Amino acid sequence: MAHIITALILIPLAGALFVSAARPNYSRGIALGFNAFTSILGLTLWRTFDATAAGLQLTERHAWIPAIGAEYLVGVDGLSLLLVLLTSLVVPFAFLAQRSGRGFCALMLIMQSALYGTFTAQNFVLWFLFYEMSLVPAFLLIKIWGGENRDRAATKFFVYTFLGSVAMLLSFLGIYFAKGTFDFGTLAVLGKSGLLTGKLAWLGFAGIFLGLAVKVPLFPFHTWLPDAYETAPTGVSMVLTGVLSKMGVYGFVRLLLPFFPNQIKIIGPWLLALAVCSIVFASLAAWAQRDLKRMVAYLSINHLGYCMLGLFAVTASPVVAAKIDMQAALSGVFMQIFNHGITAAALFYYVGLLEQRRGLRGIDNFGGLMQRTPLLCGWMSVAMFSSLGLPGLNGFIGEFLIFKGSFAIAASFTAVAVIGLFVTAIVFARAMQALFSGSLAESCSAFPDLFRSEKLVIVPVTLLMFAIGIAPQFIFNIFNTTVVQMTRLFA
Amino acid sequence: MNSAAFVVIAILTLAAAFASATLQKLMHAALMFALTFVGIAAFFFLLGAEFVGLVQVFVYVGAVAVLIVFTILLTRRDVQDTGKPNWGGAIIAIAVFGGLLWAILKTPALFIAAPQIEALTVKRIGGVLMTDYVWPLQCVGLLLTAALIGALILVMEDRDEG
Amino acid sequence: MTRGIVTNLWLIPAVPLAASLIILSLANSRRSAGAVLAIIGQVAALALSILAFSLTLQTPGFRAIHNFTWFTFGEQTLRIGWVLDPLAAAMLVMIALVGLCIFIFSIGYMADDKNFTRFFTYLSFFSGAMLGVVIANSLLLLFVCWELVGLASYLLIGFWIEKPSAAAAAKKAFITTRIGDMGFFLGILWLYGRSGTLLFYNDGSGCLENAGLVALGASATFVALLIFCGAVGKSGQFPLHVWLPDAMEGPTPVSALIHAATMVAAGVFLVARVYPLFSFGAINGVTPSLTVVVSIGVITALMASLIALGQFDIKRILAYSTVSQLGLMMVSLGVGGVAAGMMHLIAHGFFKALLFLGAGSVIHGCHQEHDIRKMGGLRRLMPITFLTYAIGMMALSGVPFFFSGGWTKEEILHATAHWHASHLPHYLMLAGVVLTALYMTRQMIYIFFGNRRAASEDAHESPPVMTMPLIVLASCSIVLSAILTPAWPWLHGYLTGESAHFDIAVLIQPTLFVSLALVAGGIALGFAIYRRVAGADPLEHAQPALFRFLENKMWLDELYDRTVVAYSRMAARLSDWMDRNVWDGLVRAVSGIGQIFGILTDNFDERGINAGIDEATTGTRGIGRVMSAWHSGQIQTYLRAVGVSVLVLLVLYAWLT
Amino acid sequence: MTPTLQLFLVISATLFCIGLLAVLSRRHAIFILIGIELMLAAANLNFIAFWRFGPQPQPPTGVMIAIFSIAIAAAEAVVGLAMVIAVYRHYRTTNVDQFDQLKG
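Line by line, the protein sequences are chains F, W, P and D. Quick note: the first sequence uses this note's numbering, first residue 1, plus one each step. Quick note: the second sequence uses this note's numbering, first residue 1, plus one each step. Quick note: the third sequence uses this note's numbering, first residue 1, plus one each step. Quick note: the fourth sequence uses this note's numbering, first residue 1, plus one each step.
Any given hint could turn out to be false.
As the list claims (entries may be wrong) - Listed next, the in silico BS3-like pairs over lysine-lysine satisfying Cα-Cα at most 27 Å (straight line): (1) Lys192(F) to Lys323(F); (2) Lys123(W) to Lys199(F); (3) Lys374(P) to Lys455(F); (4) Lys163(P) to Lys114(P).
What the hints assert, rightly or not - Covered stretches of chain D (chain W as the covering partner; in silico rule of three or more C-beta atoms under 8 Å from a C-beta of chain W): (5) 9–22; (6) 58–65.
Said to hold, decoys possible - If you want a taste of the chain D side facing chain W, the calculated C-beta under 8 Å gives, among others: (7) Met39; (8) Ala41; (9) Ala49; (10) Ala75; (11) Leu81.
Keep in mind that the hints were calculated from the coordinates and are not lab data. Quick caveat: nothing in here was measured; it's all calculated off a predicted structure. All residues carry an ideal CB built from backbone N, CA and C; glycine is no exception.
Model the full structure from these sequences, guided by the hints.
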């Protein structure tokens, strides 16, 4: 079990090779087979992982390019493990959601490998390699298999994220020249006293911030997201929102917050304001959307805004926060990462199902579905309620903890952010009214209800939502020690 | 290091380079290009990297320049650059030059003379290539092979079309 | 024994919830199985509630808690738990009993509905969640159940989902209550931040116990007010009351159970539960937060009873009456009469459920007719309904001696009279008594007296499955008065933890005569005005403007539509517009590289200026378009960008050194 | 007076910018290739110069990089020219303004 992480990274790549070599109609099956394999590995990783031990575990370290401080260093802590598990969950879900050919499957598998790499790499060069490696398949997937406006959306997505990445790379070069290492752990320890000085520190901060803020995305760098998510095929949207957006949040936790604590403290209120803007404006914009997919995309921005609020509250507040509040906010953020991953992916899946049946996905193209497809409506409402933070479902736990932590630290910002929670409820209430109720629309009268294959996808995910909502301890166990450790780091 | 030689080589190289970048006729430009690389090779000799200088001459003057000439012949139709030059590009190039010059001149650490060194023999280069740089060497070999095959595939006539 | 019951208190909500899940998995056609399961669940909950109730009888001021860790985050634990005390126990029994009656009634009322099993799924789910609210010993658990109750309410209001008005009403209810809930949520956060715990009682360290309250200090007022926001939303208090009358779009048993007897009373229960937060630091029983509660309660009570005078929908009248009664309860809590308020809540639960079920019976008999102007003379046709409805009406109007509502209302008036801050609420509540009697008399006359009108021509009495619950509830409304009288204020003593003594002398008090006179006056006035009613409303003749004002619910819905709703929609559209046009452009402006690049491109006009202007004028989506234009596919364009980037780097370098 | 490092760097910067000029302002694909080669040669000159003026003794890293860079540049030139020929066959032109298949 020594090389389990490397195996996780390599297996999807091998899968991509296999898929490219195999006949097109087998490709999805092969991809799913490889995903079963990675899922098993992910679970093994979970079992092997010692949740009570602090620090990185299962590390593998090999010399790579010693001249520039690059090494092959992978390892997991609670947060990485959580994200690896999320990837292992969402990607197969996405494969099941999408009829897909050879190229599609191969690119998705490459992206999966890049995701595993991003979440486990502990050296910047390696991390950046994976980070960028995820970008290319995503771009191609949108550009080739996307819907209307795919060229523009793909280009916009690529240019935004790539510009961000370049800025980040430059910042990291600066850091490397100042400190001579690319190792995350070492840098995080050094970060307490500041990695860079003077103007350079601000430049470094700005570069990394820009790269990650685009990826998350944080207001006002989010405008690529609705276009990209709207046009991407269902499976890709699911992975984009479920996992890829988490790369940004992960980057914030792993890089920006520990490396630039002083800068963050100084412009803390502005960062909090950006997070609040993300929450409020995105939810309001979601309300104004007529396209279901675009609506869900905006809500995705909104939900990641909560993550950002929690993170900035922990690190950006001028006062030293109480331990309980920091831990609440961090735990909430991690929980929200996981929850949003499955819930948003599920929502995209449902929108995909509706689109498959109707051919359109405008909110006005449906009506009275409850009479025709009660099962679809029922399960879909579970995902919607989970997304709007109904207690008893997974969304609530993370949001409650984030709000608990950040309210105690930055009360006024959090109080404004509550508007986001409220507007989300309006958005979903409106969507449910438009889709499910009223008289059955003519165009929907021939809809089939859920097929067996669709139920097979939906039921486990929904059960997971309930399980996390009711007894979330098993998720908390993954990252509790990491939370404690990070609290010490940020305090 | 001989400063007179330096000045001569510098003037020659830069003039040839400028000519190769700005001449209208492609063939002339290609010849100037070869001359430029001879000049650069002379710089390498001056700097004590004779082996690199030789490689430079073999590869560029012997191979690349010839290739360019062949390409010009193969694409006979426009052997002259007819498009009007893009002045925006020129402005950028001059601005970049100014920036670089400023950066070089303001850095006092660069104002140093060359130290004495022991001659870099081909034997030593060979030794290093086979020990420390053996992996990159293999990679370059692979790359060159790939480039060769790739170039062949690119220029092969598509019979179906023809 | 005691421990065992308290530890397993969760079974009370769990049984109906489990029943709900099982019914959900049943096929739509297995109607009887669904109904039987729901009723078994409810009977079990009732039995367990009575068991728990009997436990609380052992000692006065009984309180037992069971706390446990829900989850651990970081090194912290979040603990929740349940509590059994007189407040919870009394509510448990009331909810379970009223619920059971309504479940049985629904079998008859919903007999023809095609989604019969789904209805019982929702009802059982509601019942479980509501019982959960009552036993929660943690504000968080209470909030969880509170939201689930809201969900059940949403589902049940919109139960007839093919009716657009029902769906709209469900949405309105969900969103309006959510406004209050956001305040509630903030209150929870604040409370948690200050006191470090959300447990109500925890052997001295809970947030309602001394240590927690001291830790809260001055912020207790704000926390209390924020929590009160939740109560305002859920209990239909002004200004968030607008959803409750619309909620009558749901089936009548739902209106009876959720929007009269139980859920809407949860707000009152909540205030009673966290009363120590409200009364912390009280001087003579007056705190700023309690004063707010009183003011809101008074406004709500009077406004709703006035509006009730101008309504013609049988259920809407009752809905406004509920709003007004809830206001009354809030007043009672605000002036310090917690026990009185809770007693009224319990009594109200029974008689209001009775009235709604009676209304349901009437509607059922009149073929789904809701307009009271089309009824009339039903007294003969539906005698059982008439009698039970009359009992409910008497109880609601506050006729003393035999009807539970009379005594509890009496007690509330008593409490308001002794409020130190002001006597205004007392007088206003006295006016409210008259109004209540007036609108109930009006309704009675319209429905049961006079000549038969369109809808009552061939009305019929409802089947026993519907009338039996009416009789049970009616008898409850009467029997309950035995433990409410000041002569033997058993319930009062039970709730406050004092023992009750039988003392016939205090039965007759001077104020009793005042309210008796007022009620009698109200009823008499009602008879005088509406005696000869036939179609048009006498008030409409006398005061057309005033009547229109009341009939249109004081135009509050319209006001909200034109202001709050309109502004929020505008904000949404504005956000969308900003997103498409401004933020996109802002990012582009920030990435000034692009601008320099545009200037240096030879076809600058085309790409730099035109694109910019196009953007501003036609409002296409910013950067993507420009980026796309730059993305010309021409190598040199790209290389030029690289050149500019090098320049930028150089400038950066110059700036840094 | 012997030439200093600075002078070599100035020479290489000039060469680089001449290459840049060719790349940015010429329309003909072959000129662009020539420009790229010039820029690469300028970089090579830098490597060698820094190696020569660096503290001695030191491993010949700069020289090594120059050698590899020349090899790679040769490969690049071969592929580049092959592409020019292929593109010329297809479009009957070598003017890069008319190559815009990558247009987004």
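Hints versus structure:
1. Lys192(F) to Lys323(F): 18 Å, holds
2. Lys123(W) to Lys199(F): 48 Å, violated
3. Lys374(P) to Lys455(F): Distance of about 49 Å is beyond 27 Å: violated.
4. Lys163(P) to Lys114(P): The given pair, whose Cα atoms are some 14 Å apart, holds under the 27 Å limit.
5. 9–22: With 13 residues closer than 8 Å to chain W, the segment 9–22 of chain D meets the three-residue bar; holds.
6. 58–65: holds (count 4)
7. Met39: 10 Å, violated
8. Ala41: 5 Å, holds
9. Ala49: 6 Å, holds
10. Ala75: 4 Å, holds
11. Leu81: 5 Å, holds
The structure fails to meet hints 2, 3, 7 from the earlier list, while all remaining hints are met.
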